[in-house]
Amino acid sequence: MKKLLIAALVCLATAGTWASTRSGIAAPQFLKPGDKIAVISPGSTPGAVNLDKGVDVLRQWGFNPVKGRHVTDAYHLWAGKKEDREADLLWALRDPAVKAIMCSRGGYGSSQLLYDLPIDTIKKYNKWIIGYSDITALHSAQVRAGHMSLHANMCGHLGETGGTDSLSLVLRDLLLGKVPSYKVKGHPYNNPGKARGILVGGNLSVMVNISGSKTYDFLDRDFIADKDIILFFEDVGENISRVSSMLYQLKLKGAIDHVKGIIVGHFTDYEPSAGYADMYQMLHEFLQDCDIPVCYDFPTSHDERLNYPLIEGCPVELNVGKSEVKLKFKL
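Per mature numbering (1 follows the signal peptide of the UniProt record, and there is no 0), the sequence shown runs over residues -19 to -1, 1 to 312.
It is possible that part of the hints are untrue.
[Stated by the list, open to error] 30 Å max Cα-Cα, derived DSSO-like pairs, lysine-lysine: (1) K166 / K232; (2) K17 / K159; (3) K195 / K164; (4) K48 / K105; (5) K105 / K62.
[Stated by the list, open to error] If you anchor each label on the Cβ, the simulated ranges turn out as follows: (6) S254 / K13: 43 to 51 Å; (7) F267 / R202: 17 to 25 Å; (8) D238 / R286: 31 to 39 Å; (9) D203 / Q262: 29 to 37 Å; (10) A7 / Q262: 37 to 45 Å; (11) D76 / K166: 41 to 49 Å; (12) T145 / A78: 35 to 43 Å.
Just so you know, the hints here were simulated from the structure itself, not pulled from any lab data. Beta carbons are placed, not taken as given, at the ideal position from N, Cα and C, and that holds for glycine.
Build out the structure end to end from the sequences listed, making use of the hints.
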């Protein structure tokens, strides 16, 4: 094991094997040099320069990146019409040469693809889908289909950084089979404790938007009823009262009360409201009566410098203290 600069302990998993849990959620195969990675845009259009630079980074890492036909299309808010973005996703899923799918960026529109995409189609193809933000919708579908998924920075970010920053290298190593364990600084609001469960989560707004789907929502009451869940969430550009309202929506459906641990991520560019200047104060007041481990300001966020790769659907051990937080993937 070796210690990285981001305070993550990285250990080697057995590449090329399949991992599954009693919940029936299986890990895709890890990649090897030369494997093909499809780059698609399920949501909004990426910047062409950073996209191409990000593709070059994947190539420098030893992979064979291939862009979807519609990856740089533009139609209103989205990277092309819904049927074209869906066609790129289906191509990436169905092509046996494609071993992983990396999204170019988030934005808006990924949830649109779920309306005409049968869950049985997703179940047939167990491949890593890599992204965050709007891509939370696809992660939720992946978990419901019985596949683990990868909440991490995307191709555009690789283009911005050149792929040499610590988090990008953790992502590269994870794709090749080195599974990280994280140890990060604690927060004064932390509620200490230990928990084990299946990690799910992502962008809070997207989770609420797809809430109620009996097919694709990984926080559906019936789906989580027989599972121990560790929930993580983050958001960007939201005011505090809006975040409070979204959390109450999840609480009303039973999601908050069912989980065994909560990882509150980093909230980026939020707006004070409802008499609160600090987002984490509101979150602490909302969650303080939960008799479970809760940590605050964990590095999962829209700030790519604070967005650790997290394996959705994977069994984890969460150890929350006042001074530090440990997260270990059991893969």
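These are the hints, each one checked on the structure:
1. With a C-alpha separation of about 28 Å, the suggested pairing of K166 with K232 holds against the 30 Å cut-off.
2. Proposed proximity of K17 and K159 is supported: the alpha carbons are some 19 Å apart, at most 30 Å.
3. The suggested pairing of K195 with K164 is violated, with an alpha-carbon distance near 35 Å, which exceeds 30 Å.
4. Simply put, K48 and K105 have alpha-carbon atoms about 22 Å apart, close enough for the 30 Å limit, and the pair holds.
5. For the given pair, K105 sits about 25 Å from K62 by alpha-carbon distance, which is consistent with the 30 Å threshold.
6. For the hinted restraint 43 to 51 Å between S254 and K13, the CB-CB distance of approximately 49 Å keeps it satisfied.
7. Distance hint for F267 and R202: a CB-CB separation of about 20 Å, consistent with the stated range 17 to 25 Å.
8. Distance hint check for D238 and R286: the Cβ-Cβ separation is about 33 Å, which falls inside the suggested range of 31 to 39 Å.
9. Roughly 34 Å separates the CB atoms of D203 and Q262, a value that falls within the hinted 29 to 37 Å.
10. For A7 paired with Q262, a C-beta distance near 40 Å keeps the hint of 37 to 45 Å intact.
11. Separation of D76 from K166 is about 42 Å and conforms to the stated range, judged on CB atoms against 41 to 49 Å.
12. For T145 and A78, the Cβ-Cβ distance of about 28 Å falls outside the hinted range of 35 to 43 Å, so the restraint is violated.
The structure does not agree with the numbered hints 3, 12 stated previously, though it agrees with the rest.
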